[in-house]
Amino acid sequence: MADMAKIKEVRERTGVGFGDCKKALEKADWDIEKALDVLRKESAVKAAKKADRTASEGRLAVLISDDQKRGAIAEINTETDFAARNERFVKFCDRVIEVAIEQGDATIPLLEDEKNELVSAIGENISIRRVATLQTEEGVVAGYLHSNGIVGAIVELSKDVGAINKNIAMHVTADSPLVVSSDELPEQVIARETEVYKAQALEMGKPEHIVEGIVKGKLRKFPSESCLDQQAYIWDRDQTVGALLGKEGAKCERFVRYQVGESLE
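Letter by letter, the sequence shown follows residues 1 to 265 of this note's numbering.
Fair warning: there could be bad hints in the mix.
As the list claims (entries may be wrong) - The calculated lysine to aspartate or glutamate pairs, modelled on DMTMM-like cross-linking and capped at a C-alpha distance of 20 Å, are:
1) Lys216 / Glu195
2) Lys198 / Glu212
3) Lys34 / Asp113
4) Lys159 / Asp238
5) Lys198 / Glu187
6) Lys69 / Glu248
7) Lys27 / Asp3
8) Lys221 / Asp238
9) Lys6 / Asp37
Stated by the list, open to error - Here are the in silico distance ranges between beta carbons for each label pair:
10) Glu102 / Ile210: 50 to 58 Å
11) Ser147 / Gly213: 21 to 29 Å
12) Lys27 / Gln68: 14 to 22 Å
13) Asp183 / Glu12: 19 to 27 Å
Hints in this document: simulated from the structure, not taken from any laboratory. By construction, the Cβ of each residue, glycine as well, lies at the ideal position given by its N, Cα and C atoms.
Based on the sequences and whatever the hints tell you, model everything.
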């Protein structure tokens with residue numbers, strides 16, 4: 001005879017459906033701890049079966065330490081936006097970022113079992129896609145996560161500049177720079193942009209003898225669009241981010257910007 005109290009306890013502890021909890025308890029002779037082990041093993045099997053299904057929805061998590069010396073950002077994916085709003089999925093994202101700020105890249109394997117249990121409960125493939133951390137001794141780390149939960153950034157600044165700290169993270173989130181300064185632009189990026197600008201000019205019917213000049217003009221403008229220091233600051237488009245920070249005797253050392261599903265098909 002089914003022990004409803006035990007089924008309820010296993011369900012509350014795992015989030016797994018009533019029927020699966022009952023089956024696990026039956027396999028475990030109604031021993032709750034053994035039933036949890038049964039479900040844990042089954043969740044790994046179910047996760048493996050779902051692993052080839054594309055998880056391109058999801059949400060980000062951002063966390064900054066109280067002393068502003070460490071920060072982390074993580075992308076956790078699932079298959080549908082509906083599942084991304086699931087309360088257990090949101091709590092799992094909080095769990096991921098709490099581990100990430102301490103463990104960095106080791107977070108993904110450390111949480112494999114917990115992830116598999118959530119896959120079993122939600123019924124969709126879930127992936128801790130990527131994790132990044134920033135740490136500083138002399139400066140500060142700030143972060144921003146947009147209200148939609150799908151785009152955000154963490155930044156490392158050389159010194160504490162008050163409210164500007166978070167504003168720079170907001171700027172990175174909004175304007176999506178590629179690098180901090182132009183000397184960091186990879187040669188392959190410049191080469192790709194050159195080919196794109198050239199193709200665009202030819203497609204518009206521009207004569208070949210003036211295409212080179214058009215391309216050079218666009219390349220001169222490219223750093224102001226792609227380099228954080230040269231971008232117009234979102235709160236005051238009359239000054240650049242580099243100039244703003246320079247007035248405060250500060251600079252941005254590094255940043256990480258994530259957007260859910262980018263580069264995923």
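Check each numbered hint from earlier against the structure, then list the numbers of those it violates in ascending order. 4, 11, 12, 13
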